[in-house]
Amino acid sequence: MAYSIKLDSFEGPLDLLLHLIDKAEVDIYDIPIAEITEQYLATIDRMQELQLDVASEFVVMAATLLSIKSKMLLPRKEEQVFQPFLDMDVEEVDPREELVARLLEYKRYKLLAEQLREMEIGRNKVFTRPAENLAPYVREEDHTIKNVTLYDLIHALEKLVQKAKDKEPMTKVSRDEISIKDRMTQIRQLVRVGGGMVRFSQLFSKGATRSEIVTTFLALLELMKAKHITCIQNQLFQDIMICEAEGAQNDEL
Amino acid sequence: MNYDKLKGVIEGLLFISGDEGIDARQISEIVEVPEEEVVDLIEDMKADFRRAGRGVQIVEVAKAYQLTTLPEHVPYFERLATSPGQSTLSQAALETLAIIAYKQPLTRSEIEEIRGVKCEKALNTLLSKQLIREAGRAEGIGRPILYATTKEFLEHFGLREISDLPEPPVNLDIEEVRMEATALFGKQEEKTND
Amino acid sequence: MNYDKLKGVIEGLLFISGDEGIDARQISEIVEVPEEEVVDLIEDMKADFRRAGRGVQIVEVAKAYQLTTLPEHVPYFERLATSPGQSTLSQAALETLAIIAYKQPLTRSEIEEIRGVKCEKALNTLLSKQLIREAGRAEGIGRPILYATTKEFLEHFGLREISDLPEPPVNLDIEEVRMEATALFGKQEEKTND
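Residue numbers (numbering that gives the first Met the number 0), protein chains in the order written: chain A, 0 to 252; chain B, 0 to 193; chain C, 0 to 193.
Worth flagging that the hints you see were computed from the coordinates, not collected in a lab.
Any given hint could turn out to be false.
[To be verified] So the derived list for chain A, only partly shown, Cβ under 7 Å to chain B, looks like this: (1) Asn-132; (2) Tyr-136; (3) Val-137; (4) Ala-155; (5) Leu-159.
As the structure is a prediction and not an experimental result, all values here were calculated from the model.
Ideal placement from N, C-alpha and C gives every residue a C-beta, glycine not left out.
So here's chain A without its partners, still in its complex pose (with noise of 0.2 Å):
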């Protein structure tokens, strides 16, 4: 059961995947599969360090990039082009192929994800009234009600309730998510304004969500990794020190 939550900041492996393939600026067609595995890995590591319960679809997805970074090392068999029709073998086909495919569909349904959004958002901006009761322009001598089934009354009860859920849209609109992008701005602005340090814990606020915490861990990742900041801790246990990197003053924020 603890298995079936997932990160907070990605839809599932696939979504963890594209992000990275994204951040690399890699080829998608042509990954970098060590590079990318180790990335991978890393961060659910990272997840798992935070204590967050790591879905068992982000360990098969890692047990399946492992498993094409080995592939990937053996040495590939020369192309035989005019193999015989029942001996197609696996070895030929490179073993990132399925991968891409995979990533290629769930991206596709993530852009018209995006593209429903815009759509929902226009929708929403304009409003209509509920429908007028007929009952009344039906003659008087007529008291039976037509076209009303037993699911029609439940089906109002839903829609009633539901509305009533709904009515927090203002709750719902104030929890902005925070970008890792944006977070990574707001990191580096801390670390200026602490005059080129900042204590890892002051990175947190008291009651930091676990998507906070997340998207943080990822911003400090992309900013390591793109050498703007580094880590030091002095001994075991004592607070991380994230420092600005050398040359890193002078970049643009």
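Chain A is already provided as a structure; the job is to place chains B and C on it using the hints.
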């Protein structure tokens, strides 16, 4: 803002205010224009609507402005009401009936608290269709009327008795639902994934 | 009946039909005017409304015509205490819905295969919001439930019909994606050669 744009905004406000209507003071606060000017503008709009042969009109009920249909269009609405496939109970009436069915007997203000809107019109419809009846009066201030379903209600929905109603698909205690929703938003942070 | 009067009647019918909407065929039967003429008249009315700076517009949602407010008036409605709240879907629900919308009908495991994660909770959310429905069962082991979108789906996104969905970015067939990928791998090798 020019007057034409202002009139458009006021029409939109009237449109979404529905049966509850909206008064000049509220409009004035929203559009940030003095109340007297709002009143003048609405008088203007009434004339505009008539002149343009519009299908709706602005009426003043209990100091609130409302958009309503035109009395001369009633024959068309009658045709709509009796056209095939047309449900003769509105969503409002259905919701009200569902609440009464599951929580009877209860008062109008209790229903309104659950629905969050007035339901006088819906109650009248349901009474005239004999789907609900007055079932005595509640204790307390004003001794308000209690509503309950009727024999005709059971007949229409093919129920032997009221206890034959299916389990409510949802929690009908709106306060609890709201709390649930709030709790869910909290939980959402832990489980954004599904 | 002249066209101006007819437009007034149609406006009244649109107004009274509210969020349920009314389609051209129904209007045509009620006003006894051919359906194509009704469609033309409504197109005319859309333009009239814009020209006159009206506060409402006619939109086509789920094959029915509806009156709605204007998007640019949102800031004013937000100041209204009773402003109708509308809901947005979580990313998980939206991704699941996108897959269903484009590949319907399909089973839960087919959706999960694409998303790479379980989606039971997202499906339940979508079912309770009536954006999807169960559409029979697939052949094969266990005869799993098939899911498809509903009329409420069209309403939620303001679509006239399912074919109005935006074009998918590229081919959605996994087999074709594979071929595409293979083709690209091929090209890549060519490129690396020069």
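Outcome of the hint check:
no., hint, result
1, Asn-132, "4 Å, holds"
2, Tyr-136, "4 Å, holds"
3, Val-137, "5 Å, holds"
4, Ala-155, "4 Å, holds"
5, Leu-159, "5 Å, holds"
Violated hints: none; the structure is consistent with every hint.
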